[in-house]
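Chains as they are written, first to last, in the numbering used here: chain A, 1 to 111; chain B, 112 to 451.
Quick caveat, the hints were computed from the structure, so don't treat them as lab data.
This one's a predicted model, so the numbers in the text were calculated from it and none came from an experiment.
Be aware that a few hints might be false.
What the hints assert, rightly or not - Below, a list of computed lysine to aspartate or glutamate pairs in the EDC-like style, where the Cα atoms sit at most 16 Å apart:
hint, chain 1, residue 1, chain 2, residue 2
1, B, 330, B, 267
2, B, 425, B, 141
3, B, 193, B, 421
4, B, 302, B, 339
5, B, 367, A, 68
6, B, 174, B, 391
7, B, 223, B, 190
8, A, 11, B, 362
9, A, 26, A, 15
10, B, 332, B, 267
11, B, 367, A, 72
12, B, 174, B, 210
13, A, 11, A, 68
14, B, 273, A, 78
15, B, 367, A, 64
16, A, 57, A, 91
17, B, 324, A, 72
18, B, 324, A, 45
19, B, 324, A, 38
20, B, 302, B, 267
21, B, 425, B, 190
22, B, 367, A, 8
23, B, 223, B, 254
24, B, 223, B, 212
25, B, 425, B, 404
26, B, 193, B, 146
27, B, 332, B, 268
Claimed, not checked - Using C-beta positions, here's what the derived DEER-type ranges look like:
hint, chain 1, residue 1, chain 2, residue 2, range
28, B, 268, A, 11, 30 to 36 Å
29, B, 334, A, 20, 54 to 60 Å
30, B, 391, A, 25, 55 to 61 Å
31, A, 85, B, 391, 25 to 31 Å
32, A, 95, B, 327, 35 to 41 Å
33, B, 140, A, 32, 41 to 47 Å
34, B, 268, A, 107, 50 to 56 Å
35, A, 37, B, 140, 25 to 31 Å
36, B, 267, A, 12, 52 to 58 Å
37, B, 213, A, 59, 55 to 61 Å
38, B, 417, A, 12, 51 to 57 Å
39, B, 300, A, 59, 48 to 54 Å
40, A, 33, B, 254, 49 to 55 Å
Note that CB positions come from ideal geometry on N, CA and C, so glycine has one too.
Now for the letters of each chain:
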Amino acid sequence: MSDYYKRDDLKRFSEIGKFGPELANKFFDYYNQATGTDSALNQREKALIALAIAHSKQCPYCIEAFSERCLETGCSPEQMMEAVHVAAAMDAGVTLVHGVQMQNHLKKLGA
Amino acid sequence: MILEVIDESCGSGDVQQFDFEDACLTNSLELSPLEISTLQVNITKLCNQACRHCHVDASPKRKEAMTRAHIETCLQILESHKQIATLDITGGAPELHPDFDFMVIGARRMGKHVIARHNLTVQLDGHPITGESKEYLPQFYADNTVEVVSSLPYYEEYFTDKQRGSGVFAKSITALQRLNAAGYGINEKLKLNLVYNPAGAFLPGEQSALERKFKQELKAKFNVVFNELYVITNMPIHRFKKQLKQLGQFENYMTKLVNAFNPSAAQNVMCRSLISVGFDGQLYDCDFNQMLDLQVAQTEPMTLDNFNYEELLKRRIVFGSHCFGCTAGSGSSCGGATAG
Chain A
1 MSDYYKRDDL KRFSEIGKFG PELANKFFDY YNQATGTDSA LNQREKALIA
51 LAIAHSKQCP YCIEAFSERC LETGCSPEQM MEAVHVAAAM DAGVTLVHGV
101 QMQNHLKKLG A
Chain B
112 MILEVIDESC GSGDVQQFDF EDACLTNSLE LSPLEISTLQ VNITKLCNQA
162 CRHCHVDASP KRKEAMTRAH IETCLQILES HKQIATLDIT GGAPELHPDF
212 DFMVIGARRM GKHVIARHNL TVQLDGHPIT GESKEYLPQF YADNTVEVVS
262 SLPYYEEYFT DKQRGSGVFA KSITALQRLN AAGYGINEKL KLNLVYNPAG
312 AFLPGEQSAL ERKFKQELKA KFNVVFNELY VITNMPIHRF KKQLKQLGQF
362 ENYMTKLVNA FNPSAAQNVM CRSLISVGFD GQLYDCDFNQ MLDLQVAQTE
412 PMTLDNFNYE ELLKRRIVFG SHCFGCTAGS GSSCGGATAG
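Whole structure, please, built from the sequences with the hints as guidance.
If you want it as structure tokens, here you go:
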């Protein structure tokens, strides 16, 4: 497992374009526009959303990058932790709502 | 090309690879003096606080203070140089100097714009040694139309107290309310500007966005108003540098600064239009060089006593790796961001 998730690999993100620069460039343009600009949502709000998703997807690179982005855009640790709780609550809710699927199936089986 | 240099600003024996002059050369930047519009004078290192990121290492234990004679020389220089329109008084807590009021009144009498770097809490703490009250300050500032510039690292207690000490946030809010009551931030002539700097090893965000958030939060929670928020980058020197080293973040932080080098911000670095004066009358290109004891580059050391405006305009500004702190991202100066 020690060969995976090397911290320095975060700095090499742009290398995903090595064998397909055209698509990578389109992705980075989109990514930067979506996450790094003030529009209907400001950059601070976007950083908190990204931080929540980083936790939900359990991406260590994104957690590091967006923890720092949150600080840079003026978030407090309290606000960041609350975003993580939103992610955790959503993850729990997503799991639990499937309980209805289970119950539907039980009903089908007459259980 | 990255050069390996031994840089005084990183401390003796610190071999590292952050060469500011090389970055300027690469970007075809010639950062020579443009004018001297501000005389920034550090009149004392005494402070009622001992903040984690203070590049002056100011504290209640410091005793360095400018003599009355040198304060009078500062006023004479201001009087004889119409080009120097602004006196920027800093410290420590400059109000703890016994001749602070004299200096402010003197400069205002000649029509100079006076800025006081006011840490807010000194209003309530008073003098840490004599116990002398400083509650008069808001009215004194208002009476003399002094621009007040005050550090407030965050609009909530956590980051402010973490950086400036327990209880500082609550006292700062009370002090801001007292300034508002004296007309600061409300009366058009009474400017109250706040300074934000990050509470850790990260770069500050965009100034206007942070200013909006600060204004919204301080108004809603404490009914505090102010004019502008100056966003500044933490300088990797002295206490902050020590903290970076302790966290194992020094190289990482320097790399962030270097990678964020912005030629447009570099064009407007404050050392091109300012002279910094130490408590002992020595002259420097900026307050950071002063704290690193990097005096203005002259064949003869220049002090208040042989101040020469024309010669100073010809000087070569002394740069070091810490200068990347002023050129990262939107830039950083005593007046906040420098990139347009």
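Subject >> Which numbered hints fail >> reply: 20, 21, 25, 31, 33 and 36
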